[in-house]
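Chemist: Residue strings, one per chain:
Protein chains: 2
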Amino acid sequence: MKKTIVLTLLLALALTLVACGRRSTPTPTPPPADADSGLPANALAVAQERGLTPDDIYAAMKTYTPSGMMDEYYIFASGGHSGNLIVIGIPSMRILKNIAVFTPEAWQGYGVGELGTEAVLDEGNVDGVDIRSGDTHHPALSETNGDYDGQFVFINDKANARVAVLDLRDFETKQIVKDPNIISNHGSTFVTPNTEYVIQGTQYATPLGWEYAPISDYQEKYRGVITLWAFDREKGRIDMDKSFSIEVPPYWQDLCDSGKLASDGWAFCNSFNAEMATGGIEEGNPPFEAGVSQGDMDYLHIFNWKKAAEVYAAGKTEEINGMPVIRIPTAVEEGILYLAPEPKSPHGADVTPDGKYVVVSGKLDPHITVYAIDKIEKAIADQNWELDPFGIPVLNFDAVKHAQVELGLGPLHSIFDNQGFGYTSLFLDSAVAKWTVGGDDPAAWQLVDKIPVQYNIGHLTAAEGDTVSPDGKYLLVLNKWSVDRFLPVGPLLPQNLQLVDISNGNFKVIYDMPMGIGEPHNAQIIKADKINAWTAYPEVGWDPIAQAPSPYATQLGEERIERNGNEVEIFMTSIRSHLNPEHVEVKKGDHVTWHITNVETAHDATHGFQLGGQSISLSIEPGETASFEFTAENDGTYAFYCTEFCSALHLEMMGYMFVEP
Amino acid sequence: MKKTIVLTLLLALALTLVACGRRSTPTPTPPPADADSGLPANALAVAQERGLTPDDIYAAMKTYTPSGMMDEYYIFASGGHSGNLIVIGIPSMRILKNIAVFTPEAWQGYGVGELGTEAVLDEGNVDGVDIRSGDTHHPALSETNGDYDGQFVFINDKANARVAVLDLRDFETKQIVKDPNIISNHGSTFVTPNTEYVIQGTQYATPLGWEYAPISDYQEKYRGVITLWAFDREKGRIDMDKSFSIEVPPYWQDLCDSGKLASDGWAFCNSFNAEMATGGIEEGNPPFEAGVSQGDMDYLHIFNWKKAAEVYAAGKTEEINGMPVIRIPTAVEEGILYLAPEPKSPHGADVTPDGKYVVVSGKLDPHITVYAIDKIEKAIADQNWELDPFGIPVLNFDAVKHAQVELGLGPLHSIFDNQGFGYTSLFLDSAVAKWTVGGDDPAAWQLVDKIPVQYNIGHLTAAEGDTVSPDGKYLLVLNKWSVDRFLPVGPLLPQNLQLVDISNGNFKVIYDMPMGIGEPHNAQIIKADKINAWTAYPEVGWDPIAQAPSPYATQLGEERIERNGNEVEIFMTSIRSHLNPEHVEVKKGDHVTWHITNVETAHDATHGFQLGGQSISLSIEPGETASFEFTAENDGTYAFYCTEFCSALHLEMMGYMFVEP
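Quick note, the sequences are listed as chains A and B, same order. Counting in our numbering, the first sequence runs from 4 upward without gaps. Counting in our numbering, the second sequence runs from 4 upward without gaps.
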């Protein structure tokens, strides 16, 4: 009986495989298989040789993406203190692109001498200090009606309280904004349902403008802000002139999420230092890790960004370091800001797809706590609150709490599928919990299943899982340690991203992916067909930062070197397989500004550029005009060349710069 | 009959799979499969749904590396103008680590403020200009008796003629050396069979020391060198005091390879501008791409590095810019340097595993040309030569040529397996040719097969394929374009590394891997068990650059802040989950030097560090002491914190720096 089933199944496979036929690209060497059936006898041998289990074979077929087959989803994953954003395909888990954001990256020609990208990085400098590092945490794809629209992606730098804007037409960073009042953000970036605003919350409180004040002045002078960065979709830029902040207490705000549908207009940020602990282990005080964890409750911040925008428009703000700020008393008076108790040192605050509930994970509490937006609104209407030391209403916990579900140790973050399930990462358990989004009946919120992951999961994300319309199918877990998972690579190990199949009732890890180019925090997953990337720039002579024709565009035949005193300006073109001019003559002491236009229009016809003795690396995509400058301090003969293997005569694509003494 | 074979095969699979059993980690949710047999019915469904062919299924099983299973090989791939080295596993093709070499990288804390790594980068500065870019081309693993020994890896920067040394105990860059006579290398790095020397050849000729000279002085004043960087294995450093160069004509030397076994003592570098073309398209001259390609023959450079070392030891050198150089007349007189004609604009020069032959690929000639070392030695003994314009013997082509094999358009590089086959990349055909290493009989060198690759292959490499003992099994092809291979990511596309199965007579592409973090050139593949990486540094308070205890090591309880006038020195420790001290008080204008020792000894217990308002990123591996410095130009309150998610209380691992006005 069982054997009959087996043979029937296997016969079905055989017929399926025969029906599929062979790949369209002819393979000169036929595989050592049964030639008539086309059956992969070689695959069977591999399964035996490598000891693959049925689970492994399922996973292999699920994740394998043959030559030329495209992935179904893009992952946009932060790179942590690499300061970048990493684009990965699902299900292949191949890294498609490392996008430089807050740190220079030579391959892309980002911030390694190229003037446009250096200017983007300079926007993020702090008090005259050139910042070329960063700590990216939470990418946010732009949304329309609460759904990803594939146009832009935002990401924060926690270390300096900055936010970057990336354009998904060319997958490049276009803008960096620096909050003038805080030095550290974390609850960022999160967008409102139509990307009206990019939400940013403070992490480590300081006096506003990070002014000097001793730690003994903590409660009196230290503050956070929640900043609403206004996004101008047409310009593809954050409009600093329409952005504003809301002052909040020094509670170390952590993660935020925007309301949607039922909770549209609201947003939520939790916090984990309601204790207002101030550390000082070196003086015998409890270290931050202990002081911050003393209390049983912290505060979920509930704020109405639509009301706040009205209050800002009405001018009820105070300008602090150039930024309009709604002060705490105004926020309270206008009904913008409320708090709710939340257990204990929470990390994630995640709104369900229908917008009706906010799920908070208290990392030192084994439960998730679910708040219902209608209960929050009722508690506000009922004024069912007490006041915190700053006069902010603290809603009654029992009045706003809808459900609690015990999941395990160290719950951090939650994400959703399309089958009515939520998934929460359990840091201490190194596991993912699956639970029912129970709706109106609190008892219907229940743990369903748990799977182990390796190891110490931080964030997790799912296909379109934080939109109004999750896709299910795939869950991605971002594990912080990877001991014994991969070949040894010295004391610094990669982290481990695991792909979890959640389709058709499955709940299993199907792929381990080391992340050897950063320390990923959060990620978002978008359906591939939502992104319409350019294959080349719209016209030859394009400025990718301005997304407009470049004033330095140089067409074929317009190449020239202009001199004005000691100022030399070079207008060069690149085309397979030469640069023009090939001889560049300058004099020692000249200040040289050098523009190169890649006059190619073919897809993938990128040229790179480096010049010996100067710290410059350009990647000039088809149509792009790139520029750099330097002062020729040393005389000599220098070689420059195309650094991107563009043609059979690529090595010949070079020239000399002569610096006459 | 056929059905019987099919059913027998499938039954074998079924039994195999049942025998394999389930994974040791229990999966709470059973797969939706036939529960008794454990057969992957779900995998069958995936095959049907995704239209996988038998070839695809074979490839999927061959490359899939389940959770916790280690790869069999490491790939060390250059990152091109990313200036880095990328470590990848075979067969999974997962990126295990991006190692920063010539460019800073924040995740690893390399050159982003950390003093030790900044000093390594500073070693590579050019004439007082800080160089923070590079163009890595050819990695070389250290060898013992012509076989990889897994201890070190070297790589060049073509743009500035530099070579870096990496230690495979911690997979980090330890040294950068700058050639004082040339501004561009390419035929680098290649090691002699016991890593006595790292070979480096010039690419674009300049006057030695890249002195100024107009292009009209080309033949008279422009030169290249072949540098033999002496490697001190004990110190893990290139010993600049024992390194020397051999002057060569301005022929644009390209790739090199060291002889071994039958050719031990010899080395080979080809060249592609025997025309001595000087370009100048802007003045109506033929561009370099045309001028350099005019002649039918270029020159293979054949030099005896053992004799050269004797001549150097005997002091028959001239010191040029601090480097002892064997001038051309001495090289000729001492029998160190010979040339042989080679067709046409060659790119690769590759020595067969037995050392008896050198295979040259003339990229504008459809053949590979095979030279026999015994024929070279006989031609030298017979003085069967003419002289080039520099008085160097040009061996008679017919006397040294052993065989030519017509392969196709654009042959570039060759590599070898353990079955007597060579493989050559064909750039213009976008194909790989497989041919017989024919031995003594010239007619036995023959084309066997060709497979298409996507697209425009540059280098290719195979498992231990350029050692005396290739492994076969896997071939890696490094394709320069990837149009339509992967999801669109804007105008800048990744390149495409394809894994080719060459085991058991196979010759097929089994995996496409986008390289979205660099422009890879060459790669080497080493058996995983040859590398013995550290899991943590040998003791707490370790200086990874010196590979010795750090003078700034700080043990638990030794934390302190020392002040001497305006000089402030901080000795801090990090351990889950706090930094000590947590309050750092300095005064505006102070010069601050800050040391952090990670006192952890557990595997993977890395802590990171960033400080708001300063451009600093540290990655402090278990046991490491890292340092940075800055002048506190601005007063204020700044947050610093651990940037590596190390524990449940990681967010609490922070402190404040107070800069008093």
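Keep in mind the hints are simulated off the structure, nothing from the lab. One or more of the hints may lead you astray.
Same chains, same label: a pair holds when it works inside one copy or across any pair of copies.
To be verified - Derived pair list, reagent style DSS-like, types lysine-lysine, alpha-carbon separation capped at 30 Å:
| hint | residue 1 | residue 2 |
| --- | --- | --- |
| 1 | K309 | K591 |
| 2 | K181 | K590 |
| 3 | K591 | K533 |
| 4 | K224 | K590 |
| 5 | K309 | K224 |
| 6 | K591 | K347 |
| 7 | K404 | K591 |
| 8 | K238 | K224 |
| 9 | K181 | K319 |
| 10 | K238 | K319 |
| 11 | K530 | K224 |
| 12 | K530 | K381 |
Computed from a prediction, not measured in an experiment: that's the story for all the values here.
Chemist: Now look at each hint and say whether the structure bears it out.
Modeler: Hints versus structure:
no. : hint        : in the structure
1   : K309 x K591 : neither (59 Å within a copy, 42 Å between copies)
2   : K181 x K590 : between (39 Å within a copy, 25 Å between copies)
3   : K591 x K533 : neither (52 Å within a copy, 51 Å between copies)
4   : K224 x K590 : between (56 Å within a copy, 20 Å between copies)
5   : K309 x K224 : within (28 Å within a copy, 73 Å between copies)
6   : K591 x K347 : neither (65 Å within a copy, 38 Å between copies)
7   : K404 x K591 : neither (72 Å within a copy, 48 Å between copies)
8   : K238 x K224 : neither (37 Å within a copy, 54 Å between copies)
9   : K181 x K319 : within (23 Å within a copy, 61 Å between copies)
10  : K238 x K319 : within (27 Å within a copy, 67 Å between copies)
11  : K530 x K224 : neither (46 Å within a copy, 59 Å between copies)
12  : K530 x K381 : neither (37 Å within a copy, 66 Å between copies)
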